[in-house]
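Residue-level listing of the chains:
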Amino acid sequence: MHEHWLSIVIFFPLLGALLLLFVPGGAKETLRRVAFLVSLGELALCVPLLLWFDSAQRGIQLAERHAWISSPPILYQLGLDGLSLVLVLLTALLTPISVLASWTIEKRVKEFFLMLLVLETGMIGVFLALDLFLFYVFWEVMLIPMYFLIGIWGHERRLYAAIKFILYTMAGSLLMLIAIIWLYLETGTFDLLQIQLVLQQHRVLLDFRTELLLFGAFFLAFAIKVPLFPFHTWLPDAHVEAPTAGSVILAGVLLKMGAYGLLRFCLPLFPGATQALQPLIAVLALISIIYGALVSMVQPNVKKLIAYSSVSHMGFVVLGIMALNETGLQGAILIMLAHGLSTGALFLLAGMLYDRRHTFQISDFGGLATPLPVFSSFLLFASLASLGLPPLVNWVGEFMVLIGTFRSNVTYASIAAFGVVLAAIYMLWMYQRVVFGEIKHEANRKLTDLSRRELAILIPLTVLIVALGLASPLITRRTQATVQRILLQTESPYYELAHRPAPEAQR
Amino acid sequence: MLELLWLVPILPLVGAAVLGVAGRRLSQGAVSAIGVGSVGLSFLTTLGVGYAFFQLPAAEIPVLRTYFTWFEAGALRVEASFYLDQLSMLMLLVVTGVGFLIHVYSTGYMHHEGGYYRFFAYLNLFMFFMLLLVLAGNYALLFVGWEGVGLCSYLLIGFYFLRDSAANAGKKAFIVNRIGDFGFTLALLLLFRTFGSLEYNHVFAGAAVMDPEPLAWSQAGILTAISLLLFTGAIGKSAQLPLYVWLPDAMEGPTPVSALIHAATMVAAGVYMVARSHILFSHAPFALMVVAVIGCLTAFYAASIGLVQNDIKRVLAYSTVSQLGYMFLGLGAGAFATGIFHLMTHAFFKALLFLGAGSVIHAMSGQQDIRKMGGLWPKIRTTALTFWMGTLAIAGAPLFSGFFSKDEILWQTFVSPSLPFGWALWLLGLMAATMTSFYMFRLVFLTFHGEGRYTPETAKHIHESPSSMTAPLVILAILSVVGGWVGIPAAMGEALHIPNYLEHFLEPVFAGSNAILRAQPAAHAHSEELGLAGLTVLLAAVGFGIAYTFYLRNPQLADQLAETFRGLYQVLVNKYYVDEIYAAVFVRPLNWISERVLWRGFDVGVIDGALDGSAERAQRLGDWLRRWQSGNTRSYGAWVALGALALLTYFVFWVS
Amino acid sequence: MIPVSYYLILSAILFGLGVVGFLTKRNLITIFMSIELMLNAVNLAFVAFAYTWQVLSGHIFVFFVIVVAAAEAAVGLAIIIVIFRTRGSLNVERIDLLKW
Amino acid sequence: MIPTANDLLRILPEVVLAGFGILVMMLEPFLGRGGKRALGPLAFLGTVAALAATVIQAGHQGYAFGRLLVVDTFSVYLHFLLISITGLSVLASLRYLERENIDHAEFYALLLFGAVGMGIMVSANELVMVFLGLETSSLASYVLVGFRRTDGRATEGAMKYFLLGSFATGFLLYGIALLFGAAGSTVLNDLAEKLQANSPGFTLALMGMALFFVGLGFKVAVAPFQAWTPDVYQGAPSPVTAFLSTGPKAAAFAVLLRVFWTAFEPATGIWFWLLWGTAALTMFVGNLGALVQTNVKRMLAYSSIAHAGYILVAFAAGNELGVAAALFYLIAYALMKLGAFSVVAHLSVNEDHQSLEDYSGLHTRQPALAACLTVFLLSLIGLPLTGGFLGKFFVFQAALRAGLVWLVVLGVLNSILSVPYYLRVVKVMYMGEPRESAAPLAPVPASLAFVLTLTALGTVYLGILPDAVQQFVTSSVLSLTLP
Amino acid sequence: MTAEALLFFLFAGLAVVGALNMVVQRHPIHSALSLILVMVSLAVLYLLLGAEFIAAIQVIVYAGAIMVLFVFVIMLLNAGEEERTNWSRLARYLGLPVAVTLLLEMGWLLYRTWPGETFVEADRFVGRTAAIGHLLFKDYVLPFELTSVLILVAILGAVVLAKREL
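Protein chains in written order, with the working numbering: chain A, 1 to 507; chain B, 1 to 656; chain C, 1 to 100; chain D, 1 to 483; chain E, 1 to 166.
Hints may contain errors.
In silico lysine-lysine, DSS-like type, Cα no more than 27 Å apart, as pairs [to be verified]:
1) K138(E) <-> K194(D)
2) K28(A) <-> K107(A)
3) K460(B) <-> K372(B)
4) K107(A) <-> K446(A)
5) K36(D) <-> K163(E)
6) K575(B) <-> K372(B)
Short derived list, chain A residues pointing at chain B, Cβ under 10 Å [what the hints assert, rightly or not]:
7) G367
8) S377
9) S414
I should point out that these hints are in silico values taken from the structure, not numbers from a laboratory. As the structure is a computational prediction, the values presented were derived from the model and not from experiment. Built from N, CA and C at the ideal position, the CB exists for glycine as well.
Make a model of the complete structure from these sequences and hints.
Below, the structure is given as structure tokens:
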């Protein structure tokens, strides 16, 4: 079991999806329950990961390695480290929540949950794959369920958004594919660990131009996913048009893949290029932070506002990564988690509003505090988390990022800190327009407050946001070794490590 | 008892949690019991802790309690730790004490309001954060409290969320505070970079061994930077120039909130924080000077606006801003203990004044305009009487608490060895004091004296408030009178053999700074100090006199004056048009740029435009291309022939 | 004595005229005849080359080409007939239902 | 020189196919209406038998009939591919012909004869053999395209295909003649031997190659010789389109591969840029053309041009990897295109109902069909876990190995360009509502279901477990060297 | 100038004239006749090149059978004068130049690459029918058989397409 556990974790949702195939399409309630149970089961499957994970170990754990395609040599190789652990857990957590949030979906229920579960397999696969080719496969496979989720169950402009999403992502990922192949041609393997080893031990020398190009290709794919200014315009559309579950997954997990990719590939594989381009990328991150916040401020649409706020927050993540020190990276990871939770919560809340009013326009709301006090409280909480109120986990992450960045560049950190001010403006302004004031539309007067199901969706997120804010070492201690490893690989371009024993990768 | 220190903030948090989750289903009585009880218990615990604290030998102070590691990453490690010394002890007492009284008062004041449980939940939450702010053992935790109180302030200002003005005010408060916190955050970053830690003991120890920086701006160093940034935070939180704009608007909140948060405790957090970081400031004389100048200007500026306001709470709000300015003036003069002293007395009398105002509003069925009041004195005696006490205290009537503290501040400013233009600041402060006296008595006269200008409808309902409200008034009135006696300045006290208890008590806290700032105390005669004090009193009396003349003896005179200096009057009434200027300079351009330039211009126009454009171009190219696909076989044949020709040419001519 | 290249040039000319015919004629049958002309040109080339190399296989190829030409003629003319039946025209330019 | 047994074994598949073709043709007059129905299955049986014959053939590799033919792994691989294509096309046509009222045995016979021609093409070691094979399959194709002879579109397709095809064949033949003139022989071995870069006939040979490429480029629809493709594919009966877009194309590519890899090897450096340019041009023409189509069948036709471009990229790489990639791509391409056109065949009655709106809401009308078509389309896009993806992956790998970074970038750009039009079909199928006036769909006949299942599963299989095919492909490439 | 040269130039000229005429003529029947002229001229040239057998079947099969088929179809369809539409702009403006360029280029290339070393002499190389027969049925038996399939296809195709009722 132990050695196949990661495979089980990856493919369990897929099995669940197959199971769904055998449930008649009319039995909607059964379908929902089965999907929920499967996703919960997946969460349960992830618990042992937490238990077995050895925080002290720097390398890959629970590794799994089989030959897959013999020519070119492609492996089915999985492995877990702190970074993937955190993101897998986040995925496994957000999926049942998304399932619950999709209870109100009446249209083509079966296919919906099918897509959701397939998507989960793809996402977890991305985080666990340690072979570049395998990674790419999971990375692309995810697109299709997401395309359908947006395209079938989305809102008015769903088709445009879906195709835009696909085009952007594919544009990036195909370039990444070129880079992956190129890297293979240079090193003779797709095995990430092997590539690292080969590069670090100087068995293969990339000239600087090659390194830059490869880095650029990888980076572009990830920057689009993150998304980093100016590659972000797919995000507002995709977020707004996606159904609630889609938005949650999109914001909660898919965006993280970009950052994950940066940490997993860009930094360790191309330290020279990373260091050379660090200022540029940091500036892009800064622009994202400020730009996202400013644009978010003037959005008339709740979801679009949240979407642009994601741009801003993910800018922090990239900034933290580009600090290239432990504090920054840890902060980035923490923000990823925090953003997944808080923005997830915000999208869920927006979805609940939509369920009631069938609109996302802020001007259609106002005065919701009267009919929906509980909802308003949760919305407040989520907004506060999102705007980075200490001691919630978002703030902790942002603070770490700022500290980390400050060490390398005072100006960057100062500008980024200003983004926090803007966050307060757009979040609170939105909150005020939605919740405060007199009721302006009669339709809002008779709304019912949150149901038990909706509470069950929101409470875990809320609790986690607080709990992780107070006890972030629960996370950071698990990611510490990984972060240190990444930094070691990044900070010492290819020569220092040559004299060390091989990383524990092979174990 | 010291082991129970953690209970002090936690109790209100528990109260808040219970009320927040279950409050809707609880009876009003139960809500009151939990809301007030938790703070009461917290107050009692504070007393117990205080008792134990006083027993401690000097060497064991400050008490440092570390509970767990809050977060860590790389070199950064922040503990959840509490730091208890004389300063925080004093603050604890003030906060829990005044807080408790206001809670009690609120049970009466909010009795008829909707959202009763919500109010107490917020209030309890506020207490938690405020206590956290006071007790925090490092800057990060302080920042939690700092932001937390801001949040509660936001919530409570916007308590009447149906009113757009309230919601706007809450938002404004939070955002303006955030601007200050921007500075604070940068200060935290700098602190960590400089000292490698955010824990007080590390930072203070580290700063103490550094060389004081020179006064000149050009030679200022890292400590000045940190201090100024910290002070930026304080400017936001304590409503100093230029970020004071939120506080007057904050009066949209329920009156007890104004008393607790926007007068007694939260707004003083900036003062507390600067005092807490005194060692940094004392090493950065330039920063100290800035503190003093800003404080002094604010004191004067806010007082001048207060002169003409007609809303009872707004007058008090501007007064608060002004008084906070005094506190900063004191701190800036290097007299940290004095600043704190004024903080304490201000907490008493300003809480009293606000609660009194609340009582008046309560009696007047919600009316807040003093032009529509008058002659209330006989109808609500307790309120009036206690309000008088407060007014006397703030105006600086001798022997009242404000007299000692304000006077001490002015004196310290005058003699401060670290301030280059002490006398100028003193002069401004003095003028502000005069204005204070004027607007306070104007307020009193217009409210309680003269003839009633209210409608008969209102008149029917005028009644004295319930005892739950008057009792705190009385207690606070007593404190406003006697509260100053713990810090009687040496010049006055020595003769009577009354020591300055407070200064003694706080002595160990500020010892490090005093050693720097007052290494050579300037020789000033007590008589000089007494003389200046006399001058202050005199001017206060003048203020009283003018107010009496204008508003009791000769009411039309005020209007004539306003007519005469119409321009000035308009400027004052409109608060120097600062809100409008901010809107025109920052808010609207930012909005415009964000919407027109960034979003619709760049995002939709340029980026999406470019991509949609290229999609469209591809489409058009495809359309163009398929027109070649004309369906005419001859054309196809021509293509083939053309291709063959090209190929042949390529193969044979270009290659060989 | 005629050099072989003359034959080749002749074949090129004929081939080229075939192409010209293909591109300038509109009648399906004449276009098809142009193709036949091209094939004839090829045959001439084959025979000429066979002469140069003095191998007989060139002749065999010509034989095959003629067979193919015959087969093509059968199919091609059948197609032309069908076209004429369905469209009632032999003008190649009129037959453009399928386009874009 | 009497043919030996080995010679016969080496053309066994062709013999079997021709035999069955004649059988089908001869039996028809003797059979009644019901009996005629058995002819299709009989033809399918023929292809199965031919596959078996290919297995036998595979065991007897070597030259046949002098050096006119060569049976090597390469040709065996392509025999498998082509005969399978033919078989699947037969199956896909069974009900189609009945429905369209053209169920004549000649159809199957022509398919089988066409397969004979293609089989000869892929194992030909001599240019006239190539020509004859090509002509056999082409003539069969011309007729098949026009098989719905009362439909103006079909006959027009046939006419265009015939005229342009013959025109291009003229060029091909002239090319062969010139090559013959340059080397005195048309056997590939001789050509390779004689056509050294400095040999006297080299310029002549270059001319020959150019014209030869025109002819074959026409067959594989390389720009600028692609113009016929959309029209012909659209006009042809859909099962024929399925056959046409896969079989002859694969065969022609095989010839190109073999000839360029062996006989024209000395000119590698010269045709590199040519391939580079045509590859890029072909991809763009195909994709841009497809981008604006609203007729699914025509869109698929344009898309097959684009795919020819991708294969040319592999070609341009000019290394073993490239040839392997091209071969792999061919099989993946054949599966997805066969599948896609089969779906089109089922949905279009009287070759109408091919516009996007007719596919609207297909998932509610025939979910399995929609799912299959989705698999094919995703594979055509080149998303992972499909054969199309691995095909592209191998192609790009080969091209990158050859250092053709820019060509690969263009390829990637084209892949992105292709996403919208494939997804448009997926979109209408899954996100659109069925047209109100839509006639009820006939149930999917078992034969077609078999075809679709096989192609869909094959597509996925190639995407997940390509090893077996890869090995086959690799040894095919290795076998391509002349002794 | 020898007789052979004279013959060559005469029939080469006739072939070119025939070909040109085929292109120029409007009525298909005229074109067909011109084509026959080309074919017959070519047959003479084949003879000059020593290809007896080819010359024979050129006349019998090509000119005799295939062209008759053409003429037959022309008659059948009653094809009249060609309609000179010019809808294909590509063919109209580029067609002739491209084709002529192609012609000139090929001719020039052939001339350049084949400097007349080999001269055609009578009887130096003669493709006797017997030799060809041997070759055809031995070495080239496979293509020969394949042509049978080809012809089968052609027959089938012609029948399928052109028969009125099937």
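Okay, which hints does this one fail, numbers in order? Of the numbered hints, all hold.
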